[in-house]
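Visitor: Produce the entire structure from the sequences given, and follow the hints as far as they go.
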Amino acid sequence: MFSLRQSARLLTRPAITARPALRLRAIPPNRAISMTPARFNIPKPEELDAAESQIWDILSAEFEPTALFVRDVSGGCGSMYAIEVASSKFAGLTMLKQQRLVNAALGDLVKGWHGLQLRTRAA
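At position 20 of the sequence shown the residue is numbered 20 (UniProt numbering), and the sequence of numbers has no breaks.
No wet-lab data here; the hints were simulated from the structure.
Note that the structure is predicted; figures quoted are calculated from it, not measured.
Do not rely on the hints blindly, as some may be mistaken.
[Stated by the list, open to error] Straight-line Cα separation of at most 20 Å, EDC-like style, residue types lysine to aspartate or glutamate; simulated pairs: (1) Lys44 to Asp57; (2) Lys97 to Glu84; (3) Lys97 to Glu62; (4) Lys89 to Glu62; (5) Lys111 to Glu62; (6) Lys44 to Glu84; (7) Lys44 to Glu64; (8) Lys111 to Asp72; (9) Lys111 to Glu84; (10) Lys89 to Asp57; (11) Lys89 to Glu64; (12) Lys111 to Asp57; (13) Lys44 to Asp72; (14) Lys97 to Glu64; (15) Lys97 to Asp108; (16) Lys44 to Glu62; (17) Lys111 to Glu52.
Guide: In structure tokens:
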């Protein structure tokens, strides 16, 4: 039998696991690779209300986003929205400039809101 010291040593040893070998495969010459950015056609969520849908349409047309999230977070009165936009049009811009572009695209809609939670990022 093992002594207490030996069994403690067995329990504290790291487990040795076998890792599968990483195999890199060459890309066959007949496979074309595109370096142009992909255009994503994001489906519009069905659960958007009329105001959310209007915001979605404006941002979708203006920025061709790779990710877009629009939600009324005011409890239903339409005075506060949470918006997240990821677009290649934001590449190289500061966060402030990205958010100014979104505010400009939404125009007068923003003036009637109490608040806006806006997250932007380059895609």
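Visitor: State for each hint whether it applies.
Guide: We went through each hint and held it up to the structure:
no. : hint            : result
1   : Lys44 to Asp57  : holds, 9 Å
2   : Lys97 to Glu84  : holds, 15 Å
3   : Lys97 to Glu62  : holds, 15 Å
4   : Lys89 to Glu62  : holds, 9 Å
5   : Lys111 to Glu62 : holds, 19 Å
6   : Lys44 to Glu84  : holds, 14 Å
7   : Lys44 to Glu64  : holds, 13 Å
8   : Lys111 to Asp72 : holds, 15 Å
9   : Lys111 to Glu84 : holds, 19 Å
10  : Lys89 to Asp57  : holds, 17 Å
11  : Lys89 to Glu64  : holds, 8 Å
12  : Lys111 to Asp57 : holds, 18 Å
13  : Lys44 to Asp72  : holds, 15 Å
14  : Lys97 to Glu64  : holds, 17 Å
15  : Lys97 to Asp108 : holds, 18 Å
16  : Lys44 to Glu62  : holds, 15 Å
17  : Lys111 to Glu52 : holds, 15 Å
Going through the hint list in order, the structure satisfies each hint without exception.
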